[in-house]
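Each chain is listed here by its residues.
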Amino acid sequence: MQEKILAILKSLGLIPADKEDAVKTALAEIKPEPTPPVIDASKLTDPQLKTLIETLNATVAANAQDLKTMTALFAQEKSAREAAINAAKSADAEQKKANAEKLIGEALKSGKIAEADKQKYIDKAIADLDGTKGDIERFATIPGFRPAADASGDKGEGSGQQTSKIRGPLSSADTTILGAMAKMENSSN
Amino acid sequence: MNIFQASYGLDSDVGKALLTKTLTRYPSLQIMEFSQEPFAYSTYPVKPDVGDDDNSARAINADAKKFVYEPTVGGGTQRAYSFEYFIDAAYLADLKIGAITNEGLRRQLQNEQLRLFVKLASDVLYDMINGDGAAPHILGLKTFIKDTPDETGQSEVFGFTKAQLFSSLVQVGMTLDLNNMTQLRMFDELLTRVLAEMAGSPTLVMNSLVFARMTQIAKALHMYGTTLSDFGKPIDMYGNYKMVPVPLKFLPNTETDGESNDLNSIFIIDYDEATGVRYATNTGFAFKDFDIVSETPSGKTRADFVGNLKCEDIKQIRRLSRIKL
Chain L
1 MQEKILAILK SLGLIPADKE DAVKTALAEI KPEPTPPVID ASKLTDPQLK TLIETLNATV
61 AANAQDLKTM TALFAQEKSA REAAINAAKS ADAEQKKANA EKLIGEALKS GKIAEADKQK
121 YIDKAIADLD GTKGDIERFA TIPGFRPAAD ASGDKGEGSG QQTSKIRGPL SSADTTILGA
181 MAKMENSSN
Chain X
1 MNIFQASYGL DSDVGKALLT KTLTRYPSLQ IMEFSQEPFA YSTYPVKPDV GDDDNSARAI
61 NADAKKFVYE PTVGGGTQRA YSFEYFIDAA YLADLKIGAI TNEGLRRQLQ NEQLRLFVKL
121 ASDVLYDMIN GDGAAPHILG LKTFIKDTPD ETGQSEVFGF TKAQLFSSLV QVGMTLDLNN
181 MTQLRMFDEL LTRVLAEMAG SPTLVMNSLV FARMTQIAKA LHMYGTTLSD FGKPIDMYGN
241 YKMVPVPLKF LPNTETDGES NDLNSIFIID YDEATGVRYA TNTGFAFKDF DIVSETPSGK
301 TRADFVGNLK CEDIKQIRRL SRIKL
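Protein chains in written order, with this note's numbering: chain L, 1 to 189; chain X, 1 to 325.
FYI, nobody ran anything at the bench for these hints, they're computed from the structure. Mixed in with the good hints, there may be bad ones.
Said to hold, decoys possible - Here are the simulated lysine-lysine pairs, DSSO-like style, with alpha carbons at most 27 Å apart:
#: 1; chain 1: L; residue 1: K97; chain 2: L; residue 2: K120
#: 2; chain 1: L; residue 1: K109; chain 2: X; residue 2: K288
#: 3; chain 1: X; residue 1: K146; chain 2: X; residue 2: K249
#: 4; chain 1: X; residue 1: K288; chain 2: L; residue 2: K183
#: 5; chain 1: L; residue 1: K183; chain 2: X; residue 2: K146
#: 6; chain 1: X; residue 1: K249; chain 2: X; residue 2: K96
#: 7; chain 1: L; residue 1: K118; chain 2: L; residue 2: K133
#: 8; chain 1: X; residue 1: K162; chain 2: X; residue 2: K21
#: 9; chain 1: L; residue 1: K183; chain 2: X; residue 2: K21
#: 10; chain 1: L; residue 1: K97; chain 2: L; residue 2: K109
#: 11; chain 1: L; residue 1: K78; chain 2: L; residue 2: K68
#: 12; chain 1: X; residue 1: K315; chain 2: X; residue 2: K300
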């Protein structure tokens with residue numbers, strides 16, 4: 001044990017070279033805590049005392065085992081809780097990232113921010129989603145922005161302004177009704 | 001829920017625009033309520049069916065009046081209305097030689113889709129008022145509450161007795177003459193009396209001629225107002241009650257009392273998804289657009305409505321018949 005302690009202290013650079021022997025000597029002088037004397041019940045002649053001592057010895061042994069078990073359980077619980085905390089932190093970070101990417105994705109689609117600024121605003125939204133959302137809502141659409149066509153050939157998602165995205169006879173559909181539909185869709189999502 | 005909330009397949013811009021055009025043409029669809037229910041839907045009258053003779057007051061230690069759960073009473077099926085539209089590959093071949101353009105074709109197809117969607121809605125709305133209830137037609141309001149001289153002419157439906165159905169009929173027998181204020185006040189009194197006996201906040205459904213006259217009466221009696229539908233469009237009000245017109249074709253002014261043949265009805269309906277009059281549906285106005293392959297529409301487009309009338313409490317509907325203008 002003393003050798004191990006000495007090795008640790010040396011590895012940590014806590015022992016100057018000229019003090020090594022002194023430390024070694026000091027460590028050698030450290031006496032282990034006296035262990036409580038164990039009474040050998042077999043040497044007792046009084047049967048009642050012998051029974052009592054045997055019972056006490058058994059209790060001490062059981063307590064020691066319990067202590068060992070409890071210590072192991074505490075260590076296990078501590079480990080599990082630390083893992084759960086780490087998992088929660090990780091999930092929270094992932095959720096924040098997903099929310100941020102969604103927000104910035106929508107801002108890109110609506111022409112509120114440029115592709116070049118995407119990562120900058122994702123980082124900002126991870127740190128403060130609501131604040132970044134508020135900022136983006138106040139942004140004007142980038143001049144000359146044109147929405148990208150989606151897979152269906154229609155442009156953009158449904159909204160109150162979507163009639164402008166449909167060419168042809170349906171483009172004159174009532175924008176008030178379309179706007180009300182968009183609100184209903186949003187409120188049901 | 002309203003017709004938009006009850007419909008599926010309207011998540012595309014084209015689907016929404018089609019329904020929007022339809023709601024603009026038939027504003028009564030903006031007011032109606034729908035409940036999403038299976039094709040084979042329940043038509044129970046309100047259970048337990050508490051009558052005026054069922055008094056809850058009881059002596060101490062006496063039994064309470066018992067009502068019995070009757071899950072097997074009532075039930076019907078919804079009615080299906082559909083249109084499908086195909087493009088033959090022979091027409092698509094015109095694209096290959098440049099005789100038509102993708103954009104031109106899409107516009108042309110939108111025209112056809114709009115015509116089909118509106119016609120489907122027109123058929124449904126017509127049957128909502130006139131349908132005889134026999135498959136494949138919806139039970140119409142005029143069939144539900146017939147304008148008959150006595151209860152024997154009614155047809156039991158939804159668990160309602162002929163007497164209950166006849167009690168929902170109010171034969172007005174008045175002329176709504178704008179030059180006769182006394183008559184108009186009498187009509188207002190009758191209308192107020194009927195509305196006060198009903199549940200909820202009913203809507204007055206009438207043909208366009210009656211609607212025009214009722215608007216004038218509301219203004220003359222200082223009862224006129226407006227509100228907004230779920231879709232943000234103005235709706236005329238008579239006092240606290242919405243008024244919606246339906247085309248004369250759907251609710252003609254040709255009803256008769258045996259003498260005159262130019263009489264009208266007003267249906268007073270408490271539309272409510274949970275407890276009122278509504279249309280059970282498992283589609284709403286469903287829409288399937290063409291598939292798009294490289295910007296060229298292909299395959300088929302389809303519009304559907306599956307639904308039927310549902311009314312569990314006869315107090316939630318009244319028919320004012322024999323109204324002369």
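* To do: Compare the distance between the alpha carbons of K162(X) and K21(X) with 27 Å, and conclude whether the hinted pair is satisfied.
  => Outside the cut-off at roughly 39 Å; violated.
* Asked: Going straight from one Cα to the other, do K183(L) and K21(X) come out at no more than 27 Å?
  -> Given pair K183(L), K21(X) holds - Cα atoms ~18 Å apart, limit 27 Å.
* Keeping to a limit of 27 Å between CA atoms, is the pair of K315(X) and K300(X) held or broken? -> Answer violated: K315(X) to K300(X) is near 44 Å, above 27 Å.
* CA of K183(L) to CA of K146(X), is that 27 Å or under? -> 40 Å, violated
* **Straight-line alpha-carbon gap K97(L) to K120(L), limit 27 Å** => 13 Å, holds
* Hint consistency between K78(L) and K68(L) [alpha-carbon to alpha-carbon, up to 27 Å] -> Roughly 15 Å separates the two Cα atoms, so the pair holds.
* Asked: Under the criterion that the straight-line Cα-Cα distance not exceed 27 Å, is the pair K288(X), K183(L) satisfied?
  -> Since the Cα atoms of K288(X) and K183(L) sit roughly 22 Å apart, the hinted pair holds (cutoff 27 Å).
* Proposed proximity, K133(L) with K118(L) (alpha carbon, max 27 Å) -> Answer holds: K118(L) to K133(L) is near 14 Å, not above 27 Å.
* Asked: Is the straight-line distance between the alpha-carbon of K146(X) and that of K249(X) 27 Å or less?
  -> Distance of about 18 Å is within 27 Å: holds.
* Asked: Are the Cα atoms of K97(L) and K109(L) separated by 27 Å or less?
  -> Status holds; Cα separation ~18 Å.
* Asked: Has the given pair, K249(X) with K96(X), been kept, meaning a C-alpha gap of at most 27 Å?
  -> 44 Å, violated
* Please work out if K109(L) and K288(X) have their alpha carbons no farther apart than 27 Å. => Holds, at roughly 26 Å.
Hint compliance for this structure: hints 5, 6, 8 and 12 are broken, all remaining hints hold.
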